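4 protein chains.
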Amino acid sequence: MGANTFGHNFTLTTFGESHGMAIGGVIDGCPSGLSLDFEAINEELRRRKTSSDAIMSQRKENDELIFMSGIFEGKTLGTPIAFMVVNEDHRSSDYDDIKNIFRPSHADFTYCNKYFVHDYRGGGRSSARTMLPFVVAGAIAKQIIKKYNIKIQSFITQVGEYKKNYFSLDEVNEILQKIKNDNDTVGAAIRVEINNVPIGLGEPHFRKFQAVLAHAIFSINAVKGFEYGEGFNAASMRGSQCNDLFINDDGKIRTKTNHSGGVLGGITNGEQIYFNVAFKPIPTLMQKQQTVDKDGNEIFLNPKGRHDVCVIPRVLPVVEAMTAMVLLDFLLEK
Amino acid sequence: MGANTFGHNFTLTTFGESHGMAIGGVIDGCPSGLSLDFEAINEELRRRKTSSDAIMSQRKENDELIFMSGIFEGKTLGTPIAFMVVNEDHRSSDYDDIKNIFRPSHADFTYCNKYFVHDYRGGGRSSARTMLPFVVAGAIAKQIIKKYNIKIQSFITQVGEYKKNYFSLDEVNEILQKIKNDNDTVGAAIRVEINNVPIGLGEPHFRKFQAVLAHAIFSINAVKGFEYGEGFNAASMRGSQCNDLFINDDGKIRTKTNHSGGVLGGITNGEQIYFNVAFKPIPTLMQKQQTVDKDGNEIFLNPKGRHDVCVIPRVLPVVEAMTAMVLLDFLLEK
Amino acid sequence: MGANTFGHNFTLTTFGESHGMAIGGVIDGCPSGLSLDFEAINEELRRRKTSSDAIMSQRKENDELIFMSGIFEGKTLGTPIAFMVVNEDHRSSDYDDIKNIFRPSHADFTYCNKYFVHDYRGGGRSSARTMLPFVVAGAIAKQIIKKYNIKIQSFITQVGEYKKNYFSLDEVNEILQKIKNDNDTVGAAIRVEINNVPIGLGEPHFRKFQAVLAHAIFSINAVKGFEYGEGFNAASMRGSQCNDLFINDDGKIRTKTNHSGGVLGGITNGEQIYFNVAFKPIPTLMQKQQTVDKDGNEIFLNPKGRHDVCVIPRVLPVVEAMTAMVLLDFLLEK
Amino acid sequence: MGANTFGHNFTLTTFGESHGMAIGGVIDGCPSGLSLDFEAINEELRRRKTSSDAIMSQRKENDELIFMSGIFEGKTLGTPIAFMVVNEDHRSSDYDDIKNIFRPSHADFTYCNKYFVHDYRGGGRSSARTMLPFVVAGAIAKQIIKKYNIKIQSFITQVGEYKKNYFSLDEVNEILQKIKNDNDTVGAAIRVEINNVPIGLGEPHFRKFQAVLAHAIFSINAVKGFEYGEGFNAASMRGSQCNDLFINDDGKIRTKTNHSGGVLGGITNGEQIYFNVAFKPIPTLMQKQQTVDKDGNEIFLNPKGRHDVCVIPRVLPVVEAMTAMVLLDFLLEK
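Protein chains in written order, with the numbering used here: chain A, 61 to 394; chain B, 61 to 394; chain C, 61 to 394; chain D, 61 to 394.
If chains are identical, the list can't say which one is meant, so a pair holds when it fits in one copy or spans any two.
For lysine-lysine, the following DSBU-like pairs were computed, each having C-alpha atoms within a straight-line distance of at most 35 Å:
| # | residue 1 | residue 2 |
| --- | --- | --- |
| 1 | 364 | 224 |
| 2 | 316 | 238 |
| 3 | 211 | 224 |
| 4 | 109 | 206 |
| 5 | 312 | 207 |
Since the hints were made in silico from the structure, they are not lab data. Only a predicted model underlies this, so the values are computations on that prediction, with no experimental measurement involved.
Extracted from the complex, chain A is given alone in its bound form (with noise of 0.2 Å):
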């Protein structure tokens, strides 16, 4: 399988450089005679790109999004289902300062250390514009999750210092703006909550429901760390804490606390998935940065253009995405 191929049932192949021609993906398994809500595709594809003008990445996406194979008079085929978005915004001058520079905590350098060429301009295949792809197979994905009632939500609850519960777009707007002025940019972490989930999804020892959701979740650019359930405070607990009691609640058996986050064993068991994630900051500052270049000169890399302070709230799309199709990918196989 190609190291672009996500997924056992439904996959997603992605393909694109920020700057080539196009960016876009293929999707193979996606059931047969279901009736798309491109508006719904395109809503999620508007979130990804929701910015106060503030605040966020000044280019210009318009993000047509055309749908190349596998749907036919409106419905899924249950054949392959190619999209793209095209680039319309790649004038490659505008990279020439960067071309030979290594930028602090981007991936210039190792790109240019496994593949010798590099396609440098905004990034190329590292920019967070390539996620576009999973977004639309993500919406796709939760049309046909829904059908069995799961729901998921994700909750901005820390932006660099601050921390809450979680956090509305216009007080992170707020703290952003506030990181904006000084020049600089900030990490971030979020929380995922799937509701009704039913029991069974995941498959020991290799396709644990936990380990695939947390590779999905790290193929997503800036994701630092990943905790389920209690996660890292579960190392602080004891057993007696911990432990999750099952008990009959009125003819179903379930637990009364769920300290384990919806998943036993690799296996959900029906209470609600609960997930964290955390991001680092955005590489890309407004500051003088020392660095080097190909041929290893120190060198300065001074600021330019405008970019965002923070993956939230852009990337929420992006981290239901990603779950949503594993929650699917599982589903297709029980």
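Assemble the complex: chain A is given as a structure, and chains B, C and D must be docked to it using the hints.
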């Protein structure tokens, strides 16, 4: 690919229930012509069962490792290496009283719901003992990556409320004894460091180094959290703090700091890889616990036998093993 | 892995219906830094559509190949190479009269039964046109295996009742014209020879060279038989005739004869690989045929339009393409 | 996926050398709750070793089958089913004289060139005996597909120069005795018929039923040709002869003829699947043969021991087993 197979190039397929005839695995893709150090493999197995009598599970595990194929005159043939350990101690009657009971925070409930048939003896397929094959395959992987000078080390950093840069085994045992005296169990956390990793391991989008590693680590029982580099701490940081500036270190391009944890854009950058793993407390308690049986009757589970108090230190060689397999898998791709 | 993905190391994921928006594919695992010869790719596409006006399908296929990703400044990036050909000629109304009819020996019946929704226009996903991406990926694979000096050649050996060591295109056209005059179509067979294959490609048990090659060849429309080396003739032979004796050919160990067809025990032995492929006649006839519609009514299908008389010569570059992909896939493993 | 694993949903991973400790396999993805008929499995193993004393290989194979996991109280657990047969008869010294010799048309040469280390005893990994696990997994698959009423039958249709609709075992033995008297071996061909296959198995492009089946069949030692439906004969046919007209057979849509062999467009159409397989003669001869040793010295190989004269009838249960696995794999996908 079956759910019990891990890896692309160096693959491990596991089999076995805790109290079935044997626990074992099949390694496929091991390079031929390798002179295996069997003593080193057994040493890793010993680490997995090391315990002070006082605090560890009482099961006598002789764990004599038998190789059924793939080795001829001490050298690997390049054909599948099958191995097993025969389970000596499997009196089914010992488990009659839990036969129909869902033990709290164990996998009995989910296995029964998923598979309908369940080998309840000692946890069956969900037993920690079923990770023994990880250790064998990892011990072989270690021998190969050693040729690349790669070194994996793991450190206990937390046992319940106690945190430290690293704990000695004596310190750990002292803490665990206290927990044991409370008839309780406890969570833990560890840090793993990998030195001398070559640049270029990992393949975006979906074979990013950290994603495959997270998949591997979450395949281990009791893992609740995984973070690499700054991990969850990165959510609190500013870009100006978190970025790793590139420097020319005597002709070699390196980074001044290593907040990234050795991976940029999903590809190793040659710096140390470090990550933390959190484990929940062992769910088997020496205390009476409320639960339900298969018919939904609420009952009490009485403590019986002797059991581990914490997954550490036994889990260390398991984590190292999965780490070694991930490294080797990527090295063979290179 | 999705059903529309082929290969382990050099993978092709295909998409597209005959009369949908586009036909294309995504290649993953192509080595980076390769200067592609686009003219050579187009030449293969031309071979796929070459026809004498008199005998071939009338569809105008401009087939302008568009690459959407994976190539920068003429060189492969090591990232996914997505490509497509836009379908220009897709008036759905042309197909209204076969919309509800199961054409004899076509895939309408099985697609409708499997997927319920079917793009009936021009055969939809089952059209020979959907093999265009095989040719593109194969043309790239050919450029890489050429560096190993490997050469693939295909020869037409049978057209209906006519058999020969190989037919020239003129001879073929002459025969096909006769068949066309009968308003009929015809089967064919070809021989493929691969020279300069290195020793050691193929991996027992289930990645034997011939097994993967057979899988590749039977993925091509209309293929009914595959044999390599002596093939079906081997069933008639004695061991004393069929065995290939080893000889020392000026310091190099070779075989005196090559009944084996270049593969021993699933691994290439350095001798020429040769195999035969048989194709059934094209099922679209310029004759009235009995059939049923979706409701089970027995009706007559009237001939319409102009269609190919035989899969040859167009199928030759398709067979070579799949062969090239198999060779490259194994070479990248080596 | 390792090279020794076959299947997507019902997977078999094989291990073992002819004269190593054991031959066996791991089945992953077998449905849980299945009461296995162990006698039926053993019956298939007996078919694999059935021979008249006069003509068959002398090795005593007790072949006691041991299951190590995946079965509890006679029922499948849904976890991996590991099994093996211990090799009883493995005196290495018997093979000292062929240790450094490349036997004609055997895999010694290619294994030595690929892996450098080779277990030469009895053919090592390339021995026909290593297909024993196919038979075990196939016997289990047969029990499951029987619930769908699917029936696989195989017929011997050719032994060397003799061809017939089918040969009885007595007829076969008589022919083989003649060949044996000539100190020679012989090729053969068989026909397989599968009845009651449901419509809809197979997934274009690359999981077409016939492609996966061909892959399975060419994984069997000595197979040189595979054709289904009209096969190579289709090359001689006209479309008007070869097309299968659809008819309404008492409310069920079927085809009037079945030249297609039960598959249209890569998907089963509900008609009988039939295919032919050709096998080369066994390369071990009771005659002196010229060959070379590992140093390239031209020498003569002297006959020794007693060996099979033909792969039939032993190969029949192997072919049926691979066929059953392919059918089950697709059924589990449905």
